[in-house]
Amino acid sequence: MPRSIMLVGTTTLACWLAQPVAAATYDGSQPLTCAPVNIVSCSPGDECQPETAEAVNLPRFLKFDFSQKQITGMRPNGAALTTTMGELRRVADNLVLQGTEGKFMWSVMIGATNGDLTLTVGGDQVGFLVFGACTQG
Amino acid sequence: MAGSRTVPSRAGRRLAAMALACCLAASPTLAQQVIAYPEKGQSPQQQERDRYECYNWATQQTGFNPQTQLTQPAPSTGGEVVGGAARGAAIGAVGGAIGGDAGKGAGIGAAAGGMFGAMRRNENRRQVQQQQQQNAMQMDSFNRAMGACLRGRGYTLG
Numbered sequence: 034m035p036r037s038i039m040l041v042g043t044t045t046l047a048c049w050l051a052q053p054v055a056a057a058t059y060d061g062s063q064p065l066t067c068a069p070v071n072i073v074s075c076s077p078g079d080e081c082q083p084e085t086a087e088a089v090n091l092p093r094f095l096k097f098d099f100s101q102k103q104i105t106g107m108r109p110n111g112a113a114l115t116t117t118m119g120e121l122r123r124v125a126d127n128l129v130l131q132g133t134e135g136k137f138m139w140s141v142m143i144g145a146t147n148g149d150l151t152l153t154v155g156g157d158q159v160g161f162l163v164f165g166a167c168t169q170g
Numbered sequence: 002m003a004g005s006r007t008v009p010s011r012a013g014r015r016l017a018a019m020a021l022a023c024c025l026a027a028s029p030t031l032a033q034q035v036i037a038y039p040e041k042g043q044s045p046q047q048q049e050r051d052r053y054e055c056y057n058w059a060t061q062q063t064g065f066n067p068q069t070q071l072t073q074p075a076p077s078t079g080g081e082v083v084g085g086a087a088r089g090a091a092i093g094a095v096g097g098a099i100g101g102d103a104g105k106g107a108g109i110g111a112a113a114g115g116m117f118g119a120m121r122r123n124e125n126r127r128q129v130q131q132q133q134q135q136n137a138m139q140m141d142s143f144n145r146a147m148g149a150c151l152r153g154r155g156y157t158l159g
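Protein sequence lines, in the order shown, are assigned to chains A and B.
Every letter in the first sequence is one number past the one before it in this note's numbering, and letter 131, counting from 1, is 164.
Every letter in the second sequence is one number past the one before it in this note's numbering, and letter 51, counting from 1, is 52.
A few chain A positions that, by computed beta-carbon distances, are all more than 10 angstroms from chain B:
no., residue
1, THR44
2, THR58
3, THR66
4, GLN101
5, ARG122
6, ARG123
7, ASP126
8, THR168
Simulated DEER-style distance windows between Cβ atoms:
no., chain 1, residue 1, chain 2, residue 2, range
9, A, GLU120, B, GLN34, 56 to 62 angstroms
10, A, ASP126, B, ASN125, 36 to 42 angstroms
11, A, ALA113, B, VAL129, 30 to 36 angstroms
12, A, LYS102, B, GLN134, 43 to 49 angstroms
13, A, GLN103, B, ASN125, 29 to 35 angstroms
Don't read these hints as lab results, they were simulated from the structure.
Note that CB positions come from ideal geometry on N, CA and C, so glycine has one too.
Can you build the whole structure from these sequences, using the hints too?
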């Protein structure tokens with residue numbers, strides 16, 4: 034009897050472990066949380082310089098809500114930031130978002146298979162390039 | 002006895018020499034960046050005196066005193082978060098006006114700041130880098146002046 038119980042238990046465990054893990058999706062069907070990792074700022078006639086999210090006034094985490102068409106984040110001082118998603122399209126299966134905000138224009142690309150984040154922000158004689166990573170949720 | 006001179010004792014002369022060496026050795030360590038070999042067999046005391054006088058001369062010639070640069074605190078490299086928030090409010094007001102709601106624009110700008118519209122370069126860091134570059138150029142001029150002075154006093158520079 035004990036042997037049969039062990040056999041059933043082992044078989045059940047093996048079946049459970051064999052279940053495939055759901056892959057993360059970066060196609061805009063699920064919300065994403067993205068973190069800037071590498072940031073560079075540039076101005077004409079000046080060398081581009083590395084920055085931190087805090088130094089350029091960018092939240093350390095950006096939440097993409099595709100159903101509400103909003104990008105939200107929170108500054109270190111607790112102020113909530115919100116940007117409305119503009120146009121959404123796909124380029125080689127990668128998600129591309131674009132929009133404007135005040136005197137700035139921005140564009141985001143999220144890798145379809147790995148969630149890599151590429152963000153560019155351009156203003157009057159100033160530009161920012163942000164590389165990061167996204168995860169579902 | 003009137004008119005007689007007092008000759009310093011040997012101990013007194015030693016104390017005076019030590020005091021002079023201490024004063025001369027207190028010349029900034031940066032003066033040691035110039036490596037100079039005494040061609041004429043100058044004594045250690047003479048070398049210290051020459052370095053001290055050449056340091057002062059180089060400072061006068063270049064208008065740059067390395068000792069002053071060492072004691073000045075470095076400017077902060079913190080980001081301009083406060084300035085960004087203020088500018089974010091201004092930009093938000095513009096964005097609100099464009100959207101047809103100028104009354105709410107400033108509020109939106111201050112409270113939300115916009116995700117990307119409030120981004121600003123870290124000007125403090127650029128200023129620090131520029132200051133460091135300027136200091137390096139001035140230090141180079143100072144070292145060349147000090148080297149010229151020491152060469153004129155019979156030293157070979159390394």
